[in-house]
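Asks: Residue strings, one per chain:
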Amino acid sequence: MAAAQTGMTNKSTNGSGLDPALLRRLLRARDKLDTASHEAWPVRRLAAVSGVSEAHFARSFKAAFGAPPHRYLLSRRIERAKALLRDTDASITEIAFQTGWDSLGTFGRVFRDITGESPSELRARERAEPYQLDKVPHCFVSAAQRPNLTIAVSEKRRRDEPDR
Amino acid sequence: MNQGVGVAGIYVRDQDEAIDFYVGKLGFAVHTDARNGDYRWLTVQLADQPGFQLGLFRPQPPTVDEATARMLDEAVAKGAMPPLVMVVPDCRAAWERFLAQGVEFTQEPISRFGSVDASFRDPSGNGWKLVEAR
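For the record, the sequence lines run as chains A and B.
So for the first sequence, the working numbering puts the first residue at 650; every next one is plus one.
So for the second sequence, the working numbering puts the first residue at 3; every next one is plus one.
Keep in mind that the hints were calculated from the coordinates and are not lab data.
Treat the hints loosely; a few may be bogus.
Claimed, not checked - With a straight-line Cα cutoff of 27 Å, these simulated BS3-like cross-link-like pairs (lysine-lysine) come out:
| id | chain 1 | residue 1 | chain 2 | residue 2 |
| --- | --- | --- | --- | --- |
| 1 | A | Lys681 | B | Lys27 |
| 2 | B | Lys131 | A | Lys681 |
| 3 | A | Lys711 | B | Lys131 |
Looking at chain B on its own, in the form it has when it is part of the complex (with noise of 0.2 Å):
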C-alpha cells in the first residue's frame, strides 16, 4: 500500500463510556491511551483491520476552544455527525450479537438492494450504519 488511512476520529461524550462501548460491546481493542494532562488520545482498533484506528476523541481545549466544544458536543448528541459504516460478514448475526450486548439499535436488519443493513448509534449519539458484505 503506498497511501492509507491510518487513524479517523470521531468525537464521544465520554471516553471511559466509549472504551466500554467500543471495546466491551463491540469488540474493538484499545491500540493507543495516551494522557498529556487533561488531554486524552485514544485509539481502538479491530482485530481484522491492524492497520486502521478508530479515534474516539473528546472535542476540548487545546484542539478546540471551550465554546467550540459545547457545539460540537450537541451536534454530536443530535446525531449531526457524519455517517460511520461497519462491514461485517453476517448482519443479522451482528445484530443480535450487539443487540445481546445492549447496543441501541436505531433500525433492525432490512434485506435490500443485495445486501442487508442495521442501524445503532454509540451512547453519545454517533450513528453507525452495519452493513453486511457483499
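Extracted from the complex, chain A is given alone in its bound form (with noise of 0.2 Å):
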C-alpha cells in the first residue's frame, strides 16, 4: 500500500496530493467506467480520455479514487450485474455477456469473490426480500449498492477460503 503512494506529493494531509485539474481529468475517465463498463478499458484508452500518460495514469487513478482503475472497473460490472439480476428476468449467462465479460467462468468467479455468492444465490435472496427504492434515482440507489472492493480480488479469495 505504501509502495503505491511513492512519487505522490502529499501538498494537504488528508487529500491525495494530485491537483484539482487533475483530478478532474480523472473524473472524466471515471465517468467513463461508470457510463460504459461493459467496454474494454485498456489504460491506454483511459489515459487519453484523462489526457495523462500511461505510465503515470493508473497511480494518480488510485490516489484519486482508491482503487486501480482495472479494479474499480471489475467492481462496477458486478455492480451491474447485481441491478440486473434484481430488475430483469435476463439469464445469467445473457448478464454476464451484457456487462462486458468474455466468458461465463470468469464472471462467476469474480462475482463470487466479490460478493460472496453466486449470481443465481444473489438472484434468489433479492428476490425474496421486498426493497423500496423506487423513489431514489437510479444511479444513487447504484452508487449505494456499490460493491466495497478495497482488496485485490484474489487476495479476498485466499482469505474468505483459508483452509485452501
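These two chains come separately, so use the hints to put the complex back together.
Replies: Have a look at this one:
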C-alpha cells in the first residue's frame, strides 16, 4: 500500500496530493468506466480520456479514487450485474455478456469473489426480499449498492478460504 | 409556505466559469453577486423557481482555511460532492439543448422506472442528474 503512494506529493494532510485540475480529468475517465463498464478499457484508452501519460494514469487514478482502474471496472461490472439479476429476467449468461465478460466462468468467479455468493444465489435472495428503492434516482441506488472492493479480488478469495 | 429552503450552495473552482455554465448554458439568471474583499457571495436562480437560489461558492477563507479549501477543491474535482437533481418536463429535449451548449454529459437519456434520466457535470466536477418530471 505504501509503495503505491511513493512519488505522490502530499501537500495536504488528508487529500490525494493531486492537482484539482488533474483530478477533474481523471474523473472524466472514471465517468467513462461508470457509464460504459461493459466496454474494454485498457489503460491507454483511459489515459487518453484524461489526457495523462499511460505511465502515470493507473497510479494517479488509485491516488484519486482509492482503487486501481481495473479493479474499479470489475466492481462496476459486478454492480451492474447485480442490478440486472435483481431487476430483469435476463439469464445469467446474457447478463455476463451484457456486463462485459468474455466468459461465464470468469464472471462467476469474480462475482463470487466480490459478493461472496453466486449470481443465482444473489438473484434468489434479492427476489425474496422486498425493497423500497423506487423513489431514489437510479444512479444513487447503484452507488449505495456498489460492492465495497477494497482489496484485490484474488486476495479476498484467499482470505475467505483460509484452508485452501 | 411556512418553511422552505431559500439557498443551497455548491462549491465551484471558479465563479466566473460557473456563471458561464449555469447562466450561459443551463439558463439560470444571476440573483445576487456581492463581493466583500476576496469573498464573493454568488447565487443563481431559475425563472420557474423564484423561491430558491443555488449558491455558487468558492471554498475559501474566511469560511474555511486554505488547507481545507484545497481538500474541498479536490473533493469537487473528483466528483465526491453530494448528488444534485434537476427536474425538467422533457429530458431528451433538455439534453439536446444542453449538449448543443457544450455541456459534458456522463450519461445519455435512458428511459427507466417510468421516467427518463440523464447525467451531466459542471466544469468543476459537480454531478447533476437530469430527470424528467413524472
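Asks: Does each hint hold? Answer for all of them.
Replies: Okay, the hints, checked on the actual structure:
1. Taken as a hint, the Lys681/A and Lys27/B pair is honoured in the structure, with Cα atoms around 23 Å apart against an allowance of 27 Å.
2. A hinted pair counts as satisfied when its Cα atoms are at most 27 Å apart, and Lys131/B with Lys681/A qualifies at roughly 16 Å.
3. Between the alpha carbons of Lys711/A and Lys131/B the distance comes to roughly 26 Å, so the proposed pair stays at or under 27 Å and holds.
In this structure, none of the earlier numbered hints is contradicted; all agree with it.
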